[in-house]
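Number of protein chains: 2
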Amino acid sequence: MGFRAAAVRAGIKESGKADVGLIVADEICSAAAVFTKNKVVGPAVEISRKHLGNGRGQAVFVNAGNANTCTGKRGEKDAETICKVVAAETGVAAEDVAVCSTGIIGHYLPMEKVKAGIKTAAKRLAKTSKAGGELARAILTTDTKVKTAHRQIRLDRKVVQVAGIAKGSGMIAPNMATMLGFITTDAAISSALLRKVLKEAAEVTFNKVSVDNHMSTSDTVIVLAGGGAGNKKISKVGGDFKKFAEALRGVCDDLARQIAADGEGARCAIKVSVNGAATAGQAQKAVRAIVDSPLVRTAFNGADPNWGRIISAVGYSGAKFKSEGLTCKIAGTMVYRKGRPCAFDARQLHRKMRGKSWEVEVDLAAGKYSDFCYTCDLSREYVHINADYHT
Amino acid sequence: MGFRAAAVRAGIKESGKADVGLIVADEICSAAAVFTKNKVVGPAVEISRKHLGNGRGQAVFVNAGNANTCTGKRGEKDAETICKVVAAETGVAAEDVAVCSTGIIGHYLPMEKVKAGIKTAAKRLAKTSKAGGELARAILTTDTKVKTAHRQIRLDRKVVQVAGIAKGSGMIAPNMATMLGFITTDAAISSALLRKVLKEAAEVTFNKVSVDNHMSTSDTVIVLAGGGAGNKKISKVGGDFKKFAEALRGVCDDLARQIAADGEGARCAIKVSVNGAATAGQAQKAVRAIVDSPLVRTAFNGADPNWGRIISAVGYSGAKFKSEGLTCKIAGTMVYRKGRPCAFDARQLHRKMRGKSWEVEVDLAAGKYSDFCYTCDLSREYVHINADYHT
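Residue numbers (my numbering), protein chains in the order written: chain A, 1 to 391; chain B, 1 to 391.
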């Protein structure tokens, strides 16, 4: 038993690129999903929540180019129709189909194109990794790179695969990006534990990515666990559970980092860490204030060690800090130490910051809590993409 | 009795433009001030808070090009020295001098240049409106336009003037912009009531401006009321108080709008209003989510009626709304009405949005509270200014 995938050009994207995909498991799977926390959600999120709510699922429909959000009753009916058509074409029960739609908000889906796309995709379903790769490409919107991740582990002497694909790019804020992620595994695991693993993994990976502080209406990550590996079904928190959890978290972390690095217009990927916070909530507030500041992120774009912007963001974050202990390091170089500016070689640090990937570390000197976020710089290109992506 | 002002080139700004200014009243004034809510503040803010805390003040020193923030004990001493030098040169008591410094964070003030600047400025103090205009220019950082406002009223049959200047541009978030504002008036008013007037006016004007969601460490608005008009001193909330309050609020509103319109890289000024909120706090949350979204503000830049970005920002704002009542109007055109997309002439709306100034109105259909914010679009130019403004 296993998974098949396919991606086709249904004509939703104006570019004419692939835009409809299917993932279908040979048999019913343990299923778990996490969704956007936005209160405005599309019918795709609503129907997927409903269909996967019983911990079971067998197929995922996905389209890019149109989010089918803010489309009222007609949008709801369209999402239901999608499930029915997928069911008819694949033999999966309609209530075991999840739906994901990403793209522009407020436009009705071109349903004739969507239906034709499903039919073609169902015929092309294949087990090859090529099919998975094509699907990974089809779900992209303004992404520039295909995002995939993989782990192989041994559970109960059986080889187990965990494979994921994702899209990200814009409308990316913590508590998921405008992102879709699909993870399949042949591990045998109860749906209750699968949900636990996914929730915990998303918390420290997908929920730690911010590109532009704008939470999407369509964010969805779905895991299907088919059980084909033949391991003894994981039904309690033990050694196997931990191994599987680590593998799944690894896949999510790989995908999350790829999403941050491929943020719209991004030149570089930055991990922002805050240590020494008085509470976990305050650590998060400080991280968010830093990564949500366009001033900070344009300085990242210019590879400018302008730590004043970082420290002033901490100042209005609402997090407590000890002034005489406040410390900031950029790309490994100490720039502000215990409340005082440091002498540093600005030219050398500028060169380091021109690299593809580096870190900002802040210490609040107020406690022992930490948090972090993956983000990217804010570039002219981001403005170009989003000022000129017309409705 | 009246006010004198001067601005000089002290050499703090690399551009060689005017960067140090003084405002000096002939006699001691009723004084009031509002400051940044950032917890990281420069010694200028601290010393001004202290000196104006008794409701009295007579002189304001201001410099642009260097915020003297995150500069430790030495920065504190420098701010004290500034007060002493101003006192020595103008005859005003050091404890009646306020200090405002704006510009880059984390650099020590070049004190020899500052001292020389104060001496020159003190010699040039003049009552002309030209001196005020020069000062308005000297306090600019990346602003492109001088910001001034004026009201003339009659109180107790006497003509009373209220005049203000301001700087804004970047690092501008509600709860004040990175802004400095100086308002002088010849009205006679108690310092307690002057404080009340300023606080209330700032709440609905300066605190409603957001350029980039980054709260500065130096925000300061100071009012000096000299009493030279000869009106009966306003010492209770009555007709004269209301007239004066309206004039002062008018000056603040003019300046706030000019700051939003001249936000870094701004092409257009937008007023974002939210009505129908369940509470005042929720109205504010919804406004903030909209104006803090780079996706929304790049759509403004592209004059793109992409209301999906606005509605999705409302969705994650934390404000309650009734889905079937949610409504959005852009530049007077209904684009989303009671939970459903509207048909509208996108080309015509695009043309309207290419205008210099327009409004976004959202109705949450959940109650009777409203809020608003003045903002601007997010442009490539903003990124250029802030990625290339090197430390």
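Because the hints were derived from the structure by calculation, they are not lab data.
Worth double-checking, as some hints may not be accurate.
Note that identical chains are pooled: a pair holds if it fits in a single copy or bridges any two copies.
[Claimed, not checked] Calculated pairs, EDC-like style, for lysine to aspartate or glutamate (alpha carbon to alpha carbon, straight line, at most 16 Å):
#	residue 1	residue 2
1	K77	D253
2	K17	E200
3	K196	E14
4	K73	E324
5	K271	E361
Checked hints:
1. K77 with D253: Intra 35 Å, inter 48 Å, cutoff 16 Å: neither.
2. K17 with E200: Neither: 34 Å inside a copy, 55 Å across copies.
3. K196 with E14: neither (39 Å within a copy, 57 Å between copies)
4. K73 with E324: For K73 and E324, the Cα distance is within 16 Å only across copies (11 Å; inside one copy 57 Å).
5. K271 with E361: within (8 Å within a copy, 37 Å between copies)
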